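Q: Following the hints, position chain A against chain F.
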Amino acid sequence: MAEANNTIVAMKGIHKSFPGVQALEAVDFTLRRGEIHGLVGENGAGKSTLIKVLTGVERPDKGTIELDGKQVVIRSPLHAQDMGISTVYQEINLCPNLTVAENILIGKQPRKPWGVDWKAMNSHASEVLGRLGVDVDVTRTLGTYSVAIQQMAAIARALEIVSARILILDEPTSSLDANETQQLFDVMRRLKSQGVAIIFITHFLEQVYEISERITVLRNGRLVGTYDTAALPRLDLIKLMIGRTLVEFESMTETRLESGKHIEGEALLQARDLGRIGSIEPFDLELHAGEVVGLAGLLGSGRTELANLLFGIDKPDSGTLRMAGQEISEFTPLDSIKRGITLCPEDRKASGVVDDLTVRENIVLAMQASRGWFKYLSLPEQYEIAEQFIRLLNITTPSPDQLVKNLSGGNQQKVILARWLAINPQVLILDEPTRGIDVGTKAEIQRLVLSLAEEGKSCVFISSELEEVMRTSHRIVVLREREKVTEFVGDVDEHQIMESIAGDQT
Amino acid sequence: MNQSTSASSLTWAKVTESKLFFPILVLAFIFLFDLVAIPGFFRIESRDGDLYGSLIHILRNGSTVMVLALGMTLVIATGGVDLSVGAVMAIAASVAALMMNPYVLAEELPPHLMSMMQDPYFTYSPLWVVIPVALIVSIVCGLWNGLLVAYGKIEPMVATLILMIAGRGIAQLITNAVRIQIFYQPYAFIGQGWLILPFSLYIVAVVYVFSWVLTRKTAIGLFVSSVGINFRSSFFSGIDEKKIKLMAYAFCGFCAGIAGLIASSNIKTSDANNIGLLLELDAILAVVIGGTLLGAGGRFSLLASIFGALVMQATTTSMYALGVPANAVTAIKGLVVFLVILLYSEQVGGFLRRIGGRQGV
Numbered sequence: 001m002a003e004a005n006n007t008i009v010a011m012k013g014i015h016k017s018f019p020g021v022q023a024l025e026a027v028d029f030t031l032r033r034g035e036i037h038g039l040v041g042e043n044g045a046g047k048s049t050l051i052k053v054l055t056g057v058e059r060p061d062k063g064t065i066e067l068d069g070k071q072v073v074i075r076s077p078l079h080a081q082d083m084g085i086s087t088v089y090q091e092i093n094l095c096p097n098l099t100v101a102e103n104i105l106i107g108k109q110p111r112k113p114w115g116v117d118w119k120a121m122n123s124h125a126s127e128v129l130g131r132l133g134v135d136v137d138v139t140r141t142l143g144t145y146s147v148a149i150q151q152m153a154a155i156a157r158a159l160e161i162v163s164a165r166i167l168i169l170d171e172p173t174s175s176l177d178a179n180e181t182q183q184l185f186d187v188m189r190r191l192k193s194q195g196v197a198i199i200f201i202t203h204f205l206e207q208v209y210e211i212s213e214r215i216t217v218l219r220n221g222r223l224v225g226t227y228d229t230a231a232l233p234r235l236d237l238i239k240l241m242i243g244r245t246l247v248e249f250e251s252m253t254e255t256r257l258e259s260g261k262h263i264e265g266e267a268l269l270q271a272r273d274l275g276r277i278g279s280i281e282p283f284d285l286e287l288h289a290g291e292v293v294g295l296a297g298l299l300g301s302g303r304t305e306l307a308n309l310l311f312g313i314d315k316p317d318s319g320t321l322r323m324a325g326q327e328i329s330e331f332t333p334l335d336s337i338k339r340g341i342t343l344c345p346e347d348r349k350a351s352g353v354v355d356d357l358t359v360r361e362n363i364v365l366a367m368q369a370s371r372g373w374f375k376y377l378s379l380p381e382q383y384e385i386a387e388q389f390i391r392l393l394n395i396t397t398p399s400p401d402q403l404v405k406n407l408s409g410g411n412q413q414k415v416i417l418a419r420w421l422a423i424n425p426q427v428l429i430l431d432e433p434t435r436g437i438d439v440g441t442k443a444e445i446q447r448l449v450l451s452l453a454e455e456g457k458s459c460v461f462i463s464s465e466l467e468e469v470m471r472t473s474h475r476i477v478v479l480r481e482r483e484k485v486t487e488f489v490g491d492v493d494e495h496q497i498m499e500s501i502a503g504d505q506t
Numbered sequence: 507m508n509q510s511t512s513a514s515s516l517t518w519a520k521v522t523e524s525k526l527f528f529p530i531l532v533l534a535f536i537f538l539f540d541l542v543a544i545p546g547f548f549r550i551e552s553r554d555g556d557l558y559g560s561l562i563h564i565l566r567n568g569s570t571v572m573v574l575a576l577g578m579t580l581v582i583a584t585g586g587v588d589l590s591v592g593a594v595m596a597i598a599a600s601v602a603a604l605m606m607n608p609y610v611l612a613e614e615l616p617p618h619l620m621s622m623m624q625d626p627y628f629t630y631s632p633l634w635v636v637i638p639v640a641l642i643v644s645i646v647c648g649l650w651n652g653l654l655v656a657y658g659k660i661e662p663m664v665a666t667l668i669l670m671i672a673g674r675g676i677a678q679l680i681t682n683a684v685r686i687q688i689f690y691q692p693y694a695f696i697g698q699g700w701l702i703l704p705f706s707l708y709i710v711a712v713v714y715v716f717s718w719v720l721t722r723k724t725a726i727g728l729f730v731s732s733v734g735i736n737f738r739s740s741f742f743s744g745i746d747e748k749k750i751k752l753m754a755y756a757f758c759g760f761c762a763g764i765a766g767l768i769a770s771s772n773i774k775t776s777d778a779n780n781i782g783l784l785l786e787l788d789a790i791l792a793v794v795i796g797g798t799l800l801g802a803g804g805r806f807s808l809l810a811s812i813f814g815a816l817v818m819q820a821t822t823t824s825m826y827a828l829g830v831p832a833n834a835v836t837a838i839k840g841l842v843v844f845l846v847i848l849l850y851s852e853q854v855g856g857f858l859r860r861i862g863g864r865q866g867v
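Chains as they are written, first to last, in this note's numbering: chain F, 1 to 506; chain A, 507 to 867.
Excised from the complex, chain F in its bound form (with noise of 0.2 Å):
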């Protein structure tokens, strides 16, 4: 009964679905009155659409949100804000070029007869920041503070102008050090004790152990529970992150790892100690033709970044890396193209497709690039290639000549793989190749990424998805804290490796 009246938010049976993605699912979500709640989930799990909803970015096509046990309708972020909603990114969004007091209160400025009353605007913001238990000089400029403090400036900023009294704090200690961030969690208590309820996203699942009551886990736009942060131990919510799927799957074929297909002979691509300070621990690997080799861990772990290694996106600074037993020297993505190392990369949008490009053109990138500048592919050819490869992965298009920004995600990564496919390489790394596509394309993805492996390619397979790891892979090197820690063969349950990515903290 008591918790009824406690509650602020309750989002009932949220859908929101994009083209070619259903970002969230009938999802519920309630949040109380001076609560620190952990929103957590691997990258498209559906935590940022959520927020959208919630923040009136985005309109739900289904279900409801209650504010103070009332139905609302939330049109625009002005009108969260307006109820008291309030959002502060990852990258704050303040002018560092103003002084700290003008951050928080500019738009609300005291104001004299002729004029702002600087005095009273630098003596309220003092104080606002005061409450927060931060002491600085408001009247320098904002950019001459840390990060932590122009994150205060924001949240000052929030509380202040929007009276928030549900804040969500969008990653908020990614860019801080230890101190800073303890710094933040005393303002977080603070503003706790004062009755505002607060949304905490982020992949350091020990923060939301060390602040968050109860934690909500999301995973593929569906809601997986919400739990008391006390009553859920580490390897529990880490299993619920990435472990079984409930449905999805179950047509699927068995567990590759279980069928141990022994590989023997040389390897065809080798790292010895190769690694990169800041980005990934030294580490050993040797890939095989024909086999798939799954890399687990979480969000952060160092998995992209030691796909970024083999394939050249970065310099390694220690080890060697050798292909068919020549050791590499030259580390570009051109140079490894050549070598018949392709890289699926983590984020489609950002660095896989060309958006403006046609499917064609998108298709024939690499290897044009490999080509070179003068030995151009006619478009007979390209044309050839292009619709050889929508035939071949089954890419939803109305012609080659289509934009590819006007396909749906499961189609773009297809055409991304047809890039790749397209220079037959040797070696495939994919990077979350399933993340934000629909079921059936993902199915027909670990297929593709089974079938390849059979005609002799070797596959590094990423995914936040331990599942689907465990049924593409031949073999599973699991990475922690931007290090190899171990490696899995044969015969294993998913249960050892849960326990692996998680580490002895539990």
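No lab work stands behind these hints: they were computed from the structure.
Note that the coordinates shown come from a computational prediction; the quantities given were computed from them, not determined experimentally.
Glycine included, every Cβ here is placed at the ideal spot set by N, Cα and C.
There may be inaccurate statements among the hints.
[To be verified] In silico negatives: residues of chain F with every beta carbon more than 10 Å from chain A:
#1 K112
#2 W114
#3 Q150
#4 G372
[Unchecked claim] Result set (DSS-like, lysine-lysine): computed pairs, CA atoms no more than 27 Å apart in a straight line:
#5 A:K749 - F:K315
#6 A:K839 - F:K338
#7 F:K52 - F:K405
#8 F:K349 - A:K748
A: Same frame as chain F, but now just chain A:
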């Protein structure tokens, strides 16, 4: 029935989406205006087989901006801009003038040399040396811009501003601040000659064909667009985006050099202070009118940029023909540019497409 409706609205959509649509539309409007307002604007006369008239005048006077616009198109398509083309024109002109007549820098000259300098068939270096050297110097200028932008990671606006400012000074240094008069007749033919049509038009045609082949018969065009749209994805696909940018700026320098030769041949001096003055802006506007996105880059059309240059020149020539004072012409030019940019806005574009759709039904 349904089939034909969708087909006709499809073709209309194709027409309106073509980069040529707006520049040609605007050019048509300008000519329509001329047809009404200026009697005899479209008259073309033949003198000894050579053609003269306002239209020919537009083509001839627009040739420098057309050549500049070709190079500028590639630079803008990579997401950059080159503000230094006007200054590079001045450098090319100074180099050419000095090579043809280095004696002007001497304090005193023996009389036989003095008389030789005025000889319309005297040149110190032959044209087949003068032109390549001037163009190589221009390409080096372009390479400098490209190095700053691609490898130095300096904002294109800032990087090319350096040469824009310094370039005219360099041009002055080359000729020791002397405005060198050009008497050599064959050189004057570049900008003033006539072979039925003005000779400079043939130069534009050659540069156009060269750049068309460069961008459509090699992978360079695809790579330039790709780098402009998303340089990170391009890098992941194995495209060396730095080399592509370097090439674009070098080509832009090359085009500026050609424009500089045409301009100096036209006025028969190397006037480092005035050759190509403010032409970088005309070239940029020509490309923008041609539908290549300034700042964002991406897809481009060389022919549309040529039409963009013609829109600029047609406006100027029409205004002069109307008797608008030279000072006011820039204001009219500004108005035309404003109207074209307005046409490119989402709203107006969507409106035109809807009209077409309705007509189709």
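Q: Now, for every hint given, state plainly whether the structure supports it.
A: Consistency of the hints with the structure:
Distance check on K112 of chain F: its Cβ is at least 41 Å (rounded) from any Cβ of chain A, clearing the 10 Å threshold; non-interface status holds. Against the 10 Å criterion, W114 of chain F stays outside the reach of chain A, whose nearest CB is about 38 Å from its own CB. No beta-carbon of chain A comes within 10 Å of the beta-carbon of Q150 of chain F; the shortest separation is about 25 Å. Not every Cβ of chain A is farther than 10 Å from the Cβ of G372 of chain F; the closest lies at roughly 7 Å, contradicting the non-interface assignment.
This hinted pair checks out: K749 of chain A and K315 of chain F have alpha carbons roughly 19 Å apart, not beyond 27 Å. Taking the CA atoms of K839 of chain A and K338 of chain F, the gap is about 50 Å. The hint is violated against a cut of 27 Å. Taking the CA atoms of K52 of chain F and K405 of chain F, the gap is near 22 Å; set against the 27 Å cutoff, the hint holds. Only pairs whose Cα atoms come within 27 Å are accepted, and K349 of chain F paired with K748 of chain A is accepted, the gap being roughly 21 Å.
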